[in-house]
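Trainee: Here's the letter readout for the chains.
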Amino acid sequence: MGHKTITRADLAEAVYQSVGLSRTDSAELVERVLELISHALVEGENVKLSSFGSFQVRSKNERIGRNPKTGEEVPILPRRVLVFKPSNVLKSKINKSMVGAGK
Amino acid sequence: MIKSELVQKLADENPHLFQRDVENIVTAILDAVGDGLANGDRVELRGFGAFSVKNRPARVGRNPRTGEKVDVSEKYVPQFKAGKEIRERLNN
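One line per chain: the protein sequences are A and F, in this order. Heads up, the first sequence is in this note's numbering, so the first residue is 1 and it goes up one at a time. Heads up, the second sequence is in this note's numbering, so the first residue is 1 and it goes up one at a time.
Derived by calculation from the structure, the hints in this document are not laboratory data. Keep in mind the model is a prediction, meaning the values are calculated, not measured. C-beta: ideal position from N, C-alpha, C; glycine also. A hint or two may mislead.
As the list claims (entries may be wrong) - Under the rule of at most 25 Å between Cα atoms (straight-line distance), these lysine-lysine pairs were calculated in the BS3-like manner:
hint: 1; chain 1: A; residue 1: Lys-93; chain 2: F; residue 2: Lys-84
hint: 2; chain 1: A; residue 1: Lys-69; chain 2: F; residue 2: Lys-84
hint: 3; chain 1: A; residue 1: Lys-93; chain 2: A; residue 2: Lys-4
hint: 4; chain 1: F; residue 1: Lys-9; chain 2: A; residue 2: Lys-48
hint: 5; chain 1: F; residue 1: Lys-54; chain 2: F; residue 2: Lys-81
hint: 6; chain 1: A; residue 1: Lys-4; chain 2: F; residue 2: Lys-81
hint: 7; chain 1: F; residue 1: Lys-3; chain 2: A; residue 2: Lys-48
hint: 8; chain 1: A; residue 1: Lys-93; chain 2: F; residue 2: Lys-75
hint: 9; chain 1: A; residue 1: Lys-48; chain 2: A; residue 2: Lys-60
hint: 10; chain 1: F; residue 1: Lys-54; chain 2: F; residue 2: Lys-84
hint: 11; chain 1: A; residue 1: Lys-48; chain 2: F; residue 2: Lys-75
hint: 12; chain 1: A; residue 1: Lys-4; chain 2: F; residue 2: Lys-54
hint: 13; chain 1: F; residue 1: Lys-9; chain 2: A; residue 2: Lys-60
hint: 14; chain 1: A; residue 1: Lys-93; chain 2: F; residue 2: Lys-81
hint: 15; chain 1: A; residue 1: Lys-96; chain 2: A; residue 2: Lys-48
hint: 16; chain 1: F; residue 1: Lys-84; chain 2: A; residue 2: Lys-85
hint: 17; chain 1: F; residue 1: Lys-81; chain 2: A; residue 2: Lys-91
hint: 18; chain 1: A; residue 1: Lys-4; chain 2: A; residue 2: Lys-69
hint: 19; chain 1: A; residue 1: Lys-85; chain 2: A; residue 2: Lys-60
hint: 20; chain 1: F; residue 1: Lys-75; chain 2: A; residue 2: Lys-60
hint: 21; chain 1: F; residue 1: Lys-75; chain 2: A; residue 2: Lys-85
hint: 22; chain 1: A; residue 1: Lys-91; chain 2: A; residue 2: Lys-48
hint: 23; chain 1: A; residue 1: Lys-96; chain 2: F; residue 2: Lys-81
hint: 24; chain 1: A; residue 1: Lys-91; chain 2: F; residue 2: Lys-54
hint: 25; chain 1: F; residue 1: Lys-84; chain 2: A; residue 2: Lys-48
hint: 26; chain 1: A; residue 1: Lys-85; chain 2: F; residue 2: Lys-54
hint: 27; chain 1: A; residue 1: Lys-4; chain 2: F; residue 2: Lys-84
hint: 28; chain 1: A; residue 1: Lys-4; chain 2: A; residue 2: Lys-85
hint: 29; chain 1: A; residue 1: Lys-85; chain 2: F; residue 2: Lys-69
hint: 30; chain 1: F; residue 1: Lys-75; chain 2: F; residue 2: Lys-54
hint: 31; chain 1: A; residue 1: Lys-96; chain 2: F; residue 2: Lys-84
hint: 32; chain 1: A; residue 1: Lys-4; chain 2: F; residue 2: Lys-75
hint: 33; chain 1: F; residue 1: Lys-3; chain 2: A; residue 2: Lys-91
hint: 34; chain 1: A; residue 1: Lys-85; chain 2: A; residue 2: Lys-96
hint: 35; chain 1: F; residue 1: Lys-81; chain 2: F; residue 2: Lys-3
Claimed, not checked - With the Cβ distance kept under 10 Å, some of the chain F side facing chain A (calculated, not the full set):
hint: 36; residue: Ile-2
hint: 37; residue: Asp-21
hint: 38; residue: Gly-67
hint: 39; residue: Val-72
Use the sequences and the hints to build the structure in full.
Mentor: Here it is, written out as structure tokens:
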């Protein structure tokens, strides 16, 4: 498990293999897809990609945290966090290939 | 935003491409991430975030209503950690 790390270059390669575009254009499209998703999230929109999963922006209230080293109390400011909820399709795809595969 | 809206935005930016191809491009990207995870690979997209797969070992669970023991088999769950850049953009 975890033999490899997939990066943008691998996604660009997948685009290159799927449509007859140059590698440069393929890499640019990967970049645009990530930016369009990021932009929507920054605008506070949720992004739902069917059979993959959804990205949701959650707002967190301020709370009191503690510096674990010094025990000092520090306020954790209200902030927005990004969460990913995998679709059932993605979850079962991963389980089918991983469970029992001895990985 | 749903997948078809993402496809539409990308198609608007790329008038030289067929809508069908744009759809295949988005699908190819998502499949590449999903296939990687299904292989147990980590998917790291700088600035955006990283996907990984975590193992949840088999355990004995309990039906909270009846207290009855139930075997829960081993499973693998995908995880996502947002990247630094997007975390900063969300809070500015």
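Trainee: Is Lys-84/F close enough to Lys-85/A, meaning Cα to Cα at most 25 Å?
Mentor: holds, 19 Å
Trainee: Between Lys-85/A and Lys-96/A, is the straight-line Cα distance small enough, at 25 Å or below?
Mentor: The hint holds at about 18 Å.
Trainee: Is Lys-48/A within 25 Å of Lys-75/F, Cα to Cα?
Mentor: The given pair, whose Cα atoms are some 24 Å apart, holds under the 25 Å limit.
Trainee: So if I understand the rule, the pair passes when the alpha-carbon distance is 25 Å or less; does Lys-54/F with Lys-84/F pass?
Mentor: holds, 21 Å
Trainee: Assess, step by step, whether the Cα of Lys-4/A is no farther than 25 Å from the Cα of Lys-69/A, and give holds or violated.
Mentor: violated, 35 Å
Trainee: Mind checking the alpha carbons of Lys-81/F and Lys-3/F for me, to see if they're no more than 25 Å apart?
Mentor: Roughly 21 Å between the alpha carbons, so the hint for Lys-81/F and Lys-3/F holds.
Trainee: Sort out whether Lys-84/F lies within 25 Å of Lys-4/A, counting only the CA atoms.
Mentor: Holds, at about 22 Å.
Trainee: Please work out if Lys-4/A and Lys-85/A have their alpha carbons no farther apart than 25 Å.
Mentor: holds, 23 Å
Trainee: Regarding the pair Lys-69/A and Lys-84/F, is the alpha-carbon distance no greater than 25 Å?
Mentor: holds, 24 Å
Trainee: Would you mind confirming whether the straight-line C-alpha gap from Lys-75/F to Lys-60/A stays at or under 25 Å?
Mentor: Roughly 30 Å separates the two Cα atoms, so the pair is violated.
Trainee: With the threshold set at 25 Å, check whether the alpha-carbon distance from Lys-96/A to Lys-81/F stays at or below it.
Mentor: Since the Cα atoms of Lys-96/A and Lys-81/F sit roughly 23 Å apart, the hinted pair holds (cutoff 25 Å).
Trainee: Are the Cα atoms of Lys-91/A and Lys-54/F separated by 25 Å or less?
Mentor: holds, 11 Å
Of the hints listed earlier, those the structure fails to meet are numbers 1, 13, 18, 20, 29, 31, 38 and 39, in rising order.
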